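With chain A fixed as given, assemble chain B onto it according to the hints.
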Amino acid sequence: MSFDKTTHTLVGKSIPQPDSLDKAVGRTLFSDDVRFSGMLWGLALRSPFANARIRRLDVSKARRLAGVRTVLTAKDIPGINRRGNMPGNRDDQPVLMEDRIRAVGDPIALVAADSIEIAEEAISAIKVDYEQFQPVEDPVASLAPDAPLVDEEGNMISELGYDRGDTEKGFAMAAVIVDETYRTQFAEHAYLEPEAGVAWLDAGGVIRIRCGTQWVENFRHIARILGVSHNRVRLESPLVGGGFGGKIFMTIEPLLALLAKATGRPVRMALTREESILSSTKRHPYIMRYKLGADAKGRLIALDADLVADVGAYSDASPIIAWYSIGFLAGPYRCENVTVHSRFALTNNPSGTAMRGVGSAQITFALEGAMESLAEKLGMDPFELRRRNYPSKGESLSTGQPLKNAVFLSETWEAADKALDKALSRNKAEIRNLNQKLLRARGHTSNMTGYGRRHGHLSQAQVSMQLDGSAVVSVGVADIGSGQRLGCQQVAAEILGLPMDKVTLNTSDSQLNPIAGMTAGSRTFLNAAGPVLRAAEPIAKALKKAAAGLLEARTEDIILADGKAFVMGSPSVTVPHAQLVAAAAAAGASLTNLGTLRIEEDLYPGEETAHNAGWLDYTFGGMAAEVAVDPQTGQTTILGLGISHDVGTSVNPQIVIGQCEGGVAQGMGLALTEDCCVKNGKTEAHDFSTYLIPTSLDMPPIEVSILESGEGEGPFGARGIGEPPHNITPSAIANAVSRAIGVRVTSLPITPEKVLVALRTGQWPL
Amino acid sequence: MEVFSVQFRVNGEEVEAEFPAHLTLLQALRELGYFEVKNGCEKGDCGSCTVLLDGLPVNSCLVLAVQVQDKEIITVRSLGSADNLHPLQENFIKHGAIQCGFCTPGMLLSAKALLDKNASPTREEINEGISGNLCRCTGYVKIVDAIKATADQLKTNQKKRRH
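Chains as they are written, first to last, in my numbering: chain A, 266 to 1031; chain B, 167 to 329.
Looking at chain A on its own, in the form it has when it is part of the complex (with noise of 0.2 angstroms):
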């Protein structure tokens, strides 16, 4: 889809997000501010073992203690006691603990009381008598034929692959071969919010539970623990403070709707800091062996790519970003003879799930590593090595999908060292004073990121106007922080012709919108504003039709602008939206109308072995860091980062810069200090003095090159950039600190210690 910007009014405009002035007022009611009359506190009992068997369990004292209102087990779940989380996974975590343990933080047992000091009295009243098994810790040794099964179904839980031409031959036919061994670590979301949330009953028997998510439609997944029909679980997200794919499968819903129903009293619960950390969801670490195989030009002619994954103790999300990260192993790179291979391993570590850049930021780091050593081994240029690489548009990836839409990966990563060398321009004092001894070098990537599903996706929203002119959008999106309110209403004021001011947005609840997918993916803008565009449009018909019959136009004329119609070329001569709503009403238009979007691509050859492992397009990225490595101390500064990526269409600036400089940071936290720090199983990281994410001090400059192919698949040619920025920065750390030391970085965080053992021994430690 190509788009053309300069007739439209409001596309391209840095419009702030509609919920700013609530948020910088203090009005915002976030999960955990709101409280009703009777309220109880919930708290849950976790295991403190990554792997046991609960041998007995005593809650008889807890449910005596005056003020305690409900204490609930297993036994006590009215449906199913399974959380479900993802369609397609193994459905093997159950909600409360019936017997066996795999995780630290598996809840196993649930407290309502008057109070949280009778809460927590409840708590430590029961007594739980565990039997510790070893945890299962490494995912290598978790494929073992002798391993002990973490799952009585088997520790594999996805095991995929693909073959394109004849690898062997290829690297027989290589005159310069890679063959490197990459790591990365556990990272924690840390959004800013910890989970919380309420539940109560309301009318009609229906289970209400408040709660940040980034996706509503969980409650599906309420219900069938609930044991109640899908009619009767409603969930609504508030405003969320932070999620980064950490508050897409639930977190806490499911406890909040079980003692909402058990006590039928209004219950709270919110997470500590601590809990928060111990008992969510990772980004999972990837075990990637590359194989790369190049000719004497350059031409990359094999590549082989093994990945192993720690899914940690349960299936959750990881069936589909197995997927996911087949359709990444082979990167943006045209190469005939590709092996690539993934298994997904359970252990008993935090399970794994969606994080910003869903299993990708790893194979970046990994792939784009290889691809420095290759250039190095044939004493080449790594831009002119990779340039020989690049796929063009028209041209099909390794795994078969050909790319419809524009590929700027040489332009990206141009526009990236010009946008490095500006960052450092605003960088002169610091390095001008810079110790000569330390080990400065640039370096540089590519990137690509999927988003949008290509198949059997549906998202709907709805639009109706208001008989004074004004419209209000009504869509089942969680709004994380990104954006996504704001997406909608920007849509739908530029295809009604309304100020921003006269769209509103009814968002984030699972009765009252249409159901409009997960805030995910870097999809949100296609498929939030997807169907808000296609609700709109024949409405923005219906008012141009009215207009056409006041003006005495052709209703093609006619231009719908600032909440009034004009006909093109006269713009002193209008008509206001009220009059427009009455007119297209008494001619039996409906001002209220769903749109849909229904996303089914065609099929491409070698789909069969690749099925699920692409997205309907990409985003295409460039990035160049430049680094001083302290010798003495292993101490790695980032003195400046370029950043690019072709977003099609850059509908508002101000947001897609911000997504860029957010996820820079925290692409450099998983680059350099961000690590969960697991060992038995347990999170050892579980604070911010511990799990370190960026500060305000340790940013360098920071510039940002937007490009626009005007090519892309979401509203106006947008294309996806929530996750790109975020997924390409560890590797244009990581390549930059190679080449300051000399050594290759294989793992990740690049620590100094790693980085004092690395100059010492020419060897980068595991």
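Don't take each hint at face value.
[To be verified] Covered stretches of chain B (chain A as the covering partner; in silico rule of three or more C-beta atoms under 8 angstroms from a C-beta of chain A):
(1) 233 to 240
(2) 244 to 255
(3) 267 to 275
(4) 280 to 286
(5) 300 to 314
[What the hints assert, rightly or not] Here chain B is said to cover these stretches of chain A; the calculated rule only asks that three of the stretch's residues, wherever they fall, bring their Cβ under 8 angstroms from a Cβ of chain B:
(6) 294 to 304
(7) 495 to 507
(8) 535 to 544
(9) 922 to 931
(10) 995 to 1004
[What the hints assert, rightly or not] A partial selection of chain B residues facing chain A, derived with a Cβ cut-off under 7 angstroms:
(11) Ala183
(12) Phe258
(13) Ile259
(14) Ile264
(15) Asn293
(16) Ile296
(17) Ser297
Calculated from the structure, these hints are not laboratory results.
Owing to the predicted nature of the structure, the values given are computational and were not obtained by experimental measurement.
C-beta: ideal position from N, C-alpha, C; glycine also.
Frame of chain A; chain B shown alone:
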């Protein structure tokens, strides 16, 4: 449980309440309905619960409620209102410095305390001034932009007033 009577002012209003000794100022303020004070970690790591205590930014999770006798507490609500925004609030909105918004109340108050102390901070000084407030969404760039713009604006206004 023994409770202690404490009198203090929040956003200019007299408050008199009874608190147990262990209750933090963060918990007390939220119990009193000041939900704009956010609970992000209760360990003094994240700064989401920042309030001004006699004009100085503090993590309210690290102060006990019984310690604030006779003190003046400012939350983001009295920085400005929706129809009379403080220039910091205005610039945070305008510059896109607010994404999820959970860090915003604390961030705004740290910024206010910084500008009270240093009317024309450099970007480095701003980074220093807000370094106790974590933000996971923005990468801090637009937050620093907004604070810088506010400082410049206040300076220009002052000059205008002088002339």
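Status of each hint after checking the structure:
Closer than 8 angstroms: that is the beta-carbon criterion, and the region 233 to 240 of chain B has 0 residues meeting it against chain A, so the requirement of 3 is violated. Only when three residues or more bring their CB closer than 8 angstroms to a CB of chain A does the claim for the region 244 to 255 of chain B stand; here the count is 6, and the claim holds. Counting residues of the region 267 to 275 of chain B whose beta-carbon sits less than 8 angstroms from any beta-carbon of chain A gives 6, enough to reach three: the coverage restraint holds. Only residues whose C-beta sits within less than 8 angstroms of a C-beta in chain A count toward coverage, and the region 280 to 286 of chain B has 0 of them, not enough to reach three; the restraint is violated.
Coverage of the region 300 to 314 of chain B by chain A holds. Counting CB-CB distances below 8 angstroms, 11 residues qualify, and the rule asks for three or more. Coverage of the region 294 to 304 of chain A by chain B holds. Counting CB-CB distances below 8 angstroms, 4 residues qualify, and the rule asks for three or more. Beta-carbon proximity to chain B at under 8 angstroms applies to 4 residues in the region 495 to 507 of chain A; the threshold of 3 is reached and the given coverage holds. Under the rule that three or more residues need a Cβ within less than 8 angstroms of chain B, the assignment of the region 535 to 544 of chain A holds, with 3 such residues.
Counting residues of the region 922 to 931 of chain A whose C-beta sits closer than 8 angstroms to any C-beta of chain B gives 8, which meets the bar of three, so the coverage hint holds. Check result for the region 995 to 1004 of chain A against chain B: violated, 0 residues qualifying (beta carbon to beta carbon below 8 angstroms, three or more required). The restraint placing Ala183 (chain B) at the interface with chain A is violated, with a minimum CB-CB distance near 16 angstroms, outside the 7 angstroms limit. Because the beta carbon of Phe258 (chain B) sits about 5 angstroms from the nearest beta carbon in chain A, less than 7 angstroms, this interface hint is met.
Checking Ile259 (chain B) against chain A by beta carbon gives a least distance of about 4 angstroms; that is within 7 angstroms, so the hint holds. Taken as an interface hint, Ile264 (chain B) checks out: its beta carbon lies about 5 angstroms from the nearest beta carbon of chain A, inside 7 angstroms. Interface restraint check for Asn293 (chain B): the shortest CB-CB distance to chain A comes to about 4 angstroms, inside 7 angstroms, so the restraint holds. Contact between Ile296 (chain B) and chain A, as hinted, is supported at the beta carbon level, the nearest pair being about 5 angstroms apart and thus within 7 angstroms.
Because the smallest distance between the Cβ of Ser297 (chain B) and any Cβ of chain A comes to about 5 angstroms, under 7 angstroms, the interface hint for this residue holds.
Consistency with the previously given hints fails for numbers 1, 4, 10 and 11, ordered from lowest to highest.
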